[in-house]
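Peer 1: Sequence:
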Amino acid sequence: IAKNRIWKGDISIGLKQYRNLLKKNPKQLDLWIEAGKVAAWTGRYKESINFYNDGLKYYKNNLNLLVNLGLTYLWANRTAEAENSFKQTEKISANDISLLKKLAKIFIINGYPERAVPLYRRAIQISPADLESYLLLEDTYLKTGKKQDAEAVDKLIQETFNKSEQLTRYLSIYKVKQSLKDRVIAEYENKLKEQPDNLALRAMLAQTYFWNGFKEKAINEYLNILANHAFRELTSLEKNSFPLLKLIDTSYIYKDYFTKLNAAVNSRSKDITEAFSGYNKALNEYNKFQKKVEKAKAKGTELPQPEGEDPYDVLQKAKDKLSETLAGAAGFIEKTKTALSDYKSIGSDIKSIKEKDKKAEEIFSRLIKANRWRWNRTEFLNEMQSDSAKGLSLSSFITGKISQIERRYKTSETIFTELKQKSPENPEYQYALLETLLWEGKTDKAKDLIENPEPQVSSLVPYFLDLQNLVISLKEEPVGETTLSDDPSTDVSQTKQALLELVKNAQKGRRGIENQLKLLHHLLYRRMIRMFYDYEEKTYLTRNELGDFYLNKKKLDDAIKQFKHVLAIEPNNISAIYRIGTVYQWNNNWSKAMQYYKRVYKIDPLYENTASLYNSLARQHADAVDFSSYYLADPSRIQWHAAASYKGLINSLLGFNLSYDTDNIRILRSFGDDTSGTTVYYENHSSYQTHEVSVGIPLNLFFMNLKLTPIAGATLLSNELYYREQQNISAPHVSEADSFGSYTVEPFFGAGASLGLGKFLYLTGNYRYGRYPETFAPTRDNILDNSGDLNVSLSLSSLDVPIIRDTSFRTYGKADILSDGNNIYTGVQEMYINLFKGGNPYSLISLAGNFTIQNSLKPEDYNYYTPVGIVMGGASLTGSTWIGIGDEKVLGLSLRAYGGTYQENIFEPSLAKRRYKLEGE
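In my numbering, each residue carries its 1-based index in the sequence shown increased by 1304.
Careful: at least some of the hints might be erroneous.
What the hints assert, rightly or not - The list that follows gives simulated cross-link-like pairs (lysine to aspartate or glutamate, DMTMM-like), each with its CA atoms no further than 20 Å apart:
1. Lys1574 x Glu1781
2. Lys1868 x Glu1841
3. Lys1621 x Glu1611
4. Lys1779 x Glu1638
5. Lys1673 x Asp1661
Said to hold, decoys possible - Restraint-style ranges between C-beta atoms, simulated for each label pair:
6. Asp1838 x Ser1763: 20 to 28 Å
7. Asn1365 x Tyr1964: 49 to 57 Å
8. Asn2009 x Ser1933: 30 to 38 Å
9. Asp1838 x Ser1649: 52 to 60 Å
10. Ser1649 x Asn1680: 17 to 25 Å
11. Asp1938 x Pro1909: 55 to 63 Å
12. Ile2108 x Lys1327: 38 to 46 Å
13. Asn1892 x Gln1429: 35 to 43 Å
14. Trp2186 x Lys1902: 34 to 42 Å
15. Trp2186 x Leu2067: 40 to 48 Å
16. Leu1505 x Val2096: 27 to 35 Å
17. Asn1399 x Asn1524: 16 to 24 Å
Worth flagging that the hints you see were computed from the coordinates, not collected in a lab. Every residue gets a Cβ at the ideal spot worked out from N, C-alpha and C, and that includes glycine.
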């Protein structure tokens, strides 16, 4: 019944059934463990801990219960209690190799093989002749992917044991078992080499890697699967977009032609001018020669002979040259008119594609309206670039294609050039580079590749031959049919006018192409976005599994990214939402965790332990208001203090602090002066109030374990509220001589910081600039203080050595740099050692020591206190025990002894003072 309830999602009722069953028959170890695990897996850590502790009442010192109890403490962020539970298991199995191996196996089963390693090593130390311990250690290393460590263990076996037939046979059997795993993996790997596009096989290999401890390899294979899917979708997009791509490629060729047309027209106009000039010159020479001939005929004299070539022949050649130039221009004009006409015919194709795209976009908009899907471009490109850095060519190609479609041509050209150099025979890479060059404006390079393609490229792109023919036709120099009229100047004028008209039309055509290209690129980009939706829809389950792999590897940020991909397609995937919430909680991003827990609760209020986790975070990070007050009195001062503060957290990153403190202080000072043998006594009565308001903005960079809090505020000082000096008489409380003082405002600012360097080193520091608080009293000088302090806490719990692992240190330093030229320094060193903890009843014996030194640059007698060569040191021994006296009732007893010293003026022995102290409680 309990299991059925849990499978249906009724966790609370299921756990109650477990509890009822165990009350009836508590002697069922497997049920105590099972119930505790179910509670822990669903986030009910308190219930889980209760199951394990209750189970330990019937199965005292049971390793399985203790390990699972420790793991639950660990998941609940109760690290100290977790470590205490683990240490208890180590004590139980301390010198028993069978228990050590049993404990190690329990850790491995629960997913913590790293904790098994020191246990196997301990077993080897206790019994170096136990071969099984070596083999179990080697197997653990292999499962966690630490091949070198496994080889080191194998070498240790060879060095430790004498060679024998029995040893060889035993090791051979072990190697065979290991080789079976390796053989399965090798078989999958070989099949994948033969079928690299078989994604189902690749997924099977990834899961096999994971089951055998090769987690990083498993993750890489899943990333490869995702890249393969993206490559398939992109190539499919390209195939489905061939009509659109043909229009884009063709438009760029026309654009290049029309862009260069002005220069071509100028060149031809120049040629026509030169040919016509040559023709006119030849005609003039011929006419001059003919006049000479006619004169000679009229006179009857000998006809003149031409000097050099016959002017008639020169004229004919000039005429032929002009005719040929005009014919070439006519052919050029005809070719360009054809190009303009062909370009204009593209418009109908664009209209058809645009209408189809509009329909597709409408369907797509309705599709994503429910889940509000948006392509996470940055995240996807980061993933592909990370894969590219690992040498995955597919990811580089995908990145290049995206850059190309987004018109970032320099990036795509660089990528495709590198890919083409690595794989010159790959047609996808070749055409991608060609197309990028064409779109980028490097048309000459692109046309050269079009005219001289690799054999496979023309078969890859169905319209490639059309593209090739277009390039060749625009490159050709056709000759038109032109016959010079009787007035060649008219022919020249008409041709030049036609060329000028051609330039105007070409400019219009180029502008039209640019507008069309904007539209075509926009349509291609929209197709890519729709393609990525299809891609995400096909891969979100793969990403769900990859997210689990990342969780197992404690790569929390990567896990979140994968689960977010899942939610982008399936927004109500309650499992993914819950896991993102838990990962954010583990990552100290409590506000994000609460957002996702709230989403889970809205879908299913009874899912897992969502309500409890949400409420726990809400309590931990709730806004807080504090009030405090105290009253102090001594022979020289009476002080009343009150304070109020508000601390609010906006989210995981940002907070707001506001505090108010007030002090009402009355000071009595008496001092004397010996004049002519008569002592004159003076009494100084003064009272003042301070009202301090400060605002802080905590910035919690939880991902860096760093917290910064800038602070600013001011102290309102009502100085000399009443002030009185009297001589040789007792001062009344208030009299007509008392006077009220003035109010002043003393601003201050500062900052606080804390930084955790791992789990064992913690730093905090503060800075403040403002008036030194001790100088607030009347008649004291206004002295400003630059103060800074640093606190360093170090725990040695990482060193798994008795006593040392329970030792911690604290080092503190503070400096006050005052505006009157004085400096005050303080240094503190503390040490805390747990000599013993544990037992039944639970007891603790601890040793603490401290050393403090204080000094100042110069003594000050009036404005503020200055320590002069102060040293304080001492040590204490404390013993405590907690005895259970009933249900949830505990009696605590403690004993403490302390001894220490206080010394002044240690730097001047003649003035030094020493005091010693012993006390007990």
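Peer 1: Indicate, hint by hint, whether the structure satisfies it.
Peer 2: These are the hints, each one checked on the structure:
1. Lys1574 x Glu1781: holds (17 Å)
2. Lys1868 x Glu1841: holds (13 Å)
3. Lys1621 x Glu1611: Distance ~17 Å between Lys1621 and Glu1611 Cα, so the pair holds.
4. Lys1779 x Glu1638: holds (14 Å)
5. Lys1673 x Asp1661: Between Lys1673 and Asp1661 the Cα gap is close to 18 Å, so the pair holds against 20 Å.
6. Asp1838 x Ser1763: 20 to 28 Å: holds (26 Å)
7. Asn1365 x Tyr1964: 49 to 57 Å: holds (54 Å)
8. Asn2009 x Ser1933: 30 to 38 Å: This hint holds: roughly 35 Å between Cβ atoms.
9. Asp1838 x Ser1649: 52 to 60 Å: Taking Cβ atoms as reference, Asp1838 and Ser1649 lie about 33 Å apart, which means the hint is violated.
10. Ser1649 x Asn1680: 17 to 25 Å: Distance hint for Ser1649, Asn1680 is violated at roughly 40 Å.
11. Asp1938 x Pro1909: 55 to 63 Å: holds (59 Å)
12. Ile2108 x Lys1327: 38 to 46 Å: The hinted range 38 to 46 Å holds for Ile2108 and Lys1327, with Cβ atoms some 43 Å apart.
13. Asn1892 x Gln1429: 35 to 43 Å: holds (38 Å)
14. Trp2186 x Lys1902: 34 to 42 Å: holds (39 Å)
15. Trp2186 x Leu2067: 40 to 48 Å: violated (33 Å)
16. Leu1505 x Val2096: 27 to 35 Å: Since the Cβ atoms of Leu1505 and Val2096 sit about 54 Å apart, the hinted range of 27 to 35 Å is violated.
17. Asn1399 x Asn1524: 16 to 24 Å: With Cβ atoms ~42 Å apart, the hint is violated.
Checked against the numbered hints above, the structure violates hints 9, 10, 15, 16 and 17; every other hint is satisfied.
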